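**Student:** Respectively, the protein sequence lines represent chains A and B. At position 168 of the first sequence (counting the first as 1) the number is 365 in the working numbering, and the numbers step up by one without a gap. At position 135 of the second sequence (counting the first as 1) the number is 136 in the working numbering, and the numbers step up by one without a gap.
Honestly, the hints are just simulated from the structure, not real lab data. On a predicted model such as this, the values are computed, not experimentally measured, just so you know. Ideal Cβ placement from N, Cα and C applies to all residues, glycine included. Be a bit skeptical, because a hint or two may be false.
Unchecked claim - Over 12 Å on every C-beta distance to chain B, these chain A residues come out as not near it, computed from the model:
| id | residue |
| --- | --- |
| 1 | E202 |
| 2 | R209 |
| 3 | V228 |
| 4 | T400 |
| 5 | L442 |
To be verified - So the derived label-pair ranges between C-beta atoms look like this:
| id | chain 1 | residue 1 | chain 2 | residue 2 | range |
| --- | --- | --- | --- | --- | --- |
| 6 | A | G357 | B | A8 | 16 to 22 Å |
| 7 | B | L24 | A | E354 | 32 to 38 Å |
| 8 | A | I413 | B | V232 | 32 to 38 Å |
| 9 | A | L294 | B | H5 | 19 to 25 Å |
| 10 | B | V13 | A | L235 | 52 to 58 Å |
| 11 | A | D335 | B | A26 | 51 to 57 Å |
| 12 | B | V76 | A | V305 | 51 to 57 Å |
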Amino acid sequence: MIGVELRKTFGRPRTWTTIAVLNALPVLVAVLLRVTDLAPRPGEGPPFLSAVLANGQLYPLAALAIVLPLFLPIAVAVVSGDAVAGEAQAGTLRYLLARPVGRTRLLVAKLVAVLAFVLVTVVVVAAVGWVVGQLLFDAQPVAAGTSVSGTSLTAEELAGRTLLAIGYVAVSMLGVAAFGLFFSTLTDSPLAAALGALAVLVTSSLLLTLDAASPIAPYLPTRYWLAFVDLFRDPVLWRDVVRGLALQGVYVGVLLAAAWANFTTKDVTS
Amino acid sequence: MSGHGRARRWAVVTALVAVLLSLPAVVGALPADDADVPAAELRDAVLASAGVAFSGYAVSAGGLSLPVSDQLPAVADLLSDRTALRVWWRGPDEHRVDVVGAAGETGVHVDPGGTWTWEFESATARRAAPAALALPAPPDLVPATLGRRLLSEAADAELSRTGARRVAGRDALGLRLVPAAPAASVARVDVWVDAGTGLPLAVEVVADGATVPALDTRFLDLDLTAPPADVVGFTPPPGARVLPGEDPEGLLREAADRELSPVRLPAELAGLARREVAGAPATVGVYGSGVTLLAVAPLPGRLAARLRPSLAAAPGAVSDEVGTRIDAGPLGLVLVEPPRSGAYLLVGTVTADALAEAAAALAGAPS
Numbered sequence: 198m199i200g201v202e203l204r205k206t207f208g209r210p211r212t213w214t215t216i217a218v219l220n221a222l223p224v225l226v227a228v229l230l231r232v233t234d235l236a237p238r239p240g241e242g243p244p245f246l247s248a249v250l251a252n253g254q255l256y257p258l259a260a261l262a263i264v265l266p267l268f269l270p271i272a273v274a275v276v277s278g279d280a281v282a283g284e285a286q287a288g289t290l291r292y293l294l295a296r297p298v299g300r301t302r303l304l305v306a307k308l309v310a311v312l313a314f315v316l317v318t319v320v321v322v323a324a325v326g327w328v329v330g331q332l333l334f335d336a337q338p339v340a341a342g343t344s345v346s347g348t349s350l351t352a353e354e355l356a357g358r359t360l361l362a363i364g365y366v367a368v369s370m371l372g373v374a375a376f377g378l379f380f381s382t383l384t385d386s387p388l389a390a391a392l393g394a395l396a397v398l399v400t401s402s403l404l405l406t407l408d409a410a411s412p413i414a415p416y417l418p419t420r421y422w423l424a425f426v427d428l429f430r431d432p433v434l435w436r437d438v439v440r441g442l443a444l445q446g447v448y449v450g451v452l453l454a455a456a457w458a459n460f461t462t463k464d465v466t467s
Numbered sequence: 002m003s004g005h006g007r008a009r010r011w012a013v014v015t016a017l018v019a020v021l022l023s024l025p026a027v028v029g030a031l032p033a034d035d036a037d038v039p040a041a042e043l044r045d046a047v048l049a050s051a052g053v054a055f056s057g058y059a060v061s062a063g064g065l066s067l068p069v070s071d072q073l074p075a076v077a078d079l080l081s082d083r084t085a086l087r088v089w090w091r092g093p094d095e096h097r098v099d100v101v102g103a104a105g106e107t108g109v110h111v112d113p114g115g116t117w118t119w120e121f122e123s124a125t126a127r128r129a130a131p132a133a134l135a136l137p138a139p140p141d142l143v144p145a146t147l148g149r150r151l152l153s154e155a156a157d158a159e160l161s162r163t164g165a166r167r168v169a170g171r172d173a174l175g176l177r178l179v180p181a182a183p184a185a186s187v188a189r190v191d192v193w194v195d196a197g198t199g200l201p202l203a204v205e206v207v208a209d210g211a212t213v214p215a216l217d218t219r220f221l222d223l224d225l226t227a228p229p230a231d232v233v234g235f236t237p238p239p240g241a242r243v244l245p246g247e248d249p250e251g252l253l254r255e256a257a258d259r260e261l262s263p264v265r266l267p268a269e270l271a272g273l274a275r276r277e278v279a280g281a282p283a284t285v286g287v288y289g290s291g292v293t294l295l296a297v298a299p300l301p302g303r304l305a306a307r308l309r310p311s312l313a314a315a316p317g318a319v320s321d322e323v324g325t326r327i328d329a330g331p332l333g334l335v336l337v338e339p340p341r342s343g344a345y346l347l348v349g350t351v352t353a354d355a356l357a358e359a360a361a362a363l364a365g366a367p368s
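Let's have the full structure, built from the sequences with the hints guiding it.
**Tutor:** Right, dumping it as structure tokens:
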């Protein structure tokens with residue numbers, strides 16, 4: 198069942214179109230940086246972008262930081278919102294459930310397919326970022342990098358931390374995926390489910406800028422998204438990374454439980 | 002058939018959510034063990050804690066909006082913003098404090114020979130020699146350092162105990178300082194002290210008439226093992242710009258020597274006695290003690306003329322016969338320009354009345 202869902206997700210042209218569009222923005226930013234040589238002023242713009250002119254090896258991270266706030270969650274919301282509601286809208290959910298498989302298993306298979314999409318997308322963005330960084334910017338000749346704390350990192354350390362960051366960004370998207378999937382079981386409209394997930398994100402991002410919301414800030418789904426920067430401090434600051442992983446885990450657990458509670462007994466009419 | 006199942010399933014989900022939501026409240030409500038330690042003894046333990054090694058994560062929230070965001074942006078941010086600090090402390094002359102930002106960090110590495118300041122965004126390392134006087138820097142906001150500084154001149158009669166609470170997962174004993182000086186603009190300073198080591202774990206400074214602290218700094222994580230020396234030390238990475246540090250003493254000397262006729266400052270202002278401060282220029286007078294301090298600096302005419310509009314433009318600025326005055330929490334600042342003598346700048350943690358009294362005394366004093 199999981200294999201069927203995976204094949205369905207990655208067999209669609211629109212999945213790959215989404216990934217291609219996601220990559221267009223970091224590539225455009227890289228070309229503009231290369232042509233104009235105008236890096237953002239230190240402290241402005243996405244993390245790591247001001248440093249890529251000096252070290253192209255950081256471009257995978259800059260690319261992730263560029264798509265992280267908006268593009269990536271939109272793509273995840275659209276794909277996860279489509280998971281169940283898309284079948285309902287296309288009128289195929291009935292036939293899907295007519296097969297001798299439990300609804301819980303269908304839900305899990307859908308979630309795994311969305312997770313696979315998230316992981317593939319993040320890895321592709323990082324890989325394209327790496328290629329673009331190598332082609333357009335000077336790679337540091339000593340093959341080493343500087344941590345955010347000003348210590349030297351070997352090429353292996355830098356690569357290892359980049360892999361951790363890729364994994365962390367992928368996990369950060371799980372909360373969005375879970376919201377999308379839950380809303381997808383509530384409605385027959387994939388658009389409504391995706392917009393619902395996006396509404397949660399916009400609310401969370403907006404509340405984070407508000408001092409009055411600081412008591413609930415640690416529980417907002419986007420609170421620890423930028424904590425991947427902490428992986429490049431020396432020593433690594435695990436505090437927010439660990440909290441971010443736990444928070445995404447809680448959101449996925451609760452929303453998956455809610456989706457299960459709603460979906461396993463839902464009257465499927467379309 | 003599904004009515005019961007559905008209700009049961011939603012009950013399970015609701016129970017799960019309720020448990021998760023109540024967890025932070027349950028952890029926060031864990032009681033703290035109080036200990037019967039007299040206030041003066043607790044203060045002595047705090048003052049003796051400079052050698053306690055630790056590493057930790059602290060957050061400071063400041064509400065002091067100073068009108069210096071153009072001239073000293075780092076100082077203005079430090080005192081008015083929420084600042085996250087990572088601290089590695091081996092001793093008073095060997096520690097590291099990083100200000101952690103969303104997209105970078107500023108690290109201050111102190112060793113016996115001086116201070117390295119690393120700024121990631123500009124890839125710049127600055128080296129400064131140890132100085133008697135310095136601008137406020139991130140290490141000053143570490144609860145342990147700030148607590149020791151604020152309690153350093155506290156008299157026994159000004160201190161009292163205020164129960165216990167949990168800070169950074171440790172039992173912290175409350176110590177309250179209420180300054181005795183009538184001129185004080187600080188209503189109270191609450192220091193929460195680690196019962197075992199005497200380290201201040203949290204510090205709250207509350208201004209006269211305020212309900213929220215003007216400055217609130219606390220540890221969120223604390224580990225009492227000594228951090229390794231190579232974490233605390235600093236070597237500029239290849240490719241970094243290495244610059245000499247800023248020199249506040251040079252700035253002070255320059256400001257003090259500039260085109261000033263010699264002034265004689267009184268021995269007492271607003272009921273506060275003048276004190277000696279190592280490294281301060283002779284023309285700058287510092288009055289008071291403990292957390293009630295007033296600094297008086299004569300200003301050259303041109304500097305005063307430049308300062309007046311920027312003070313007057315600050316929110317809440319008052320211009321009257323005394324001068325141009327602003328209040329930033331417990332900190333008061335007034336620019337006095339008497340008609341027949343040079344201008345003075347008065348800054349201190351004193352009430353508006355005390356500032357006005359001091360300003361009037363200076364305006365009337367022969368110069």
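**Student:** State the violated hints by number, sorted upward, taking the hints as numbered earlier in the document.
**Tutor:** 6
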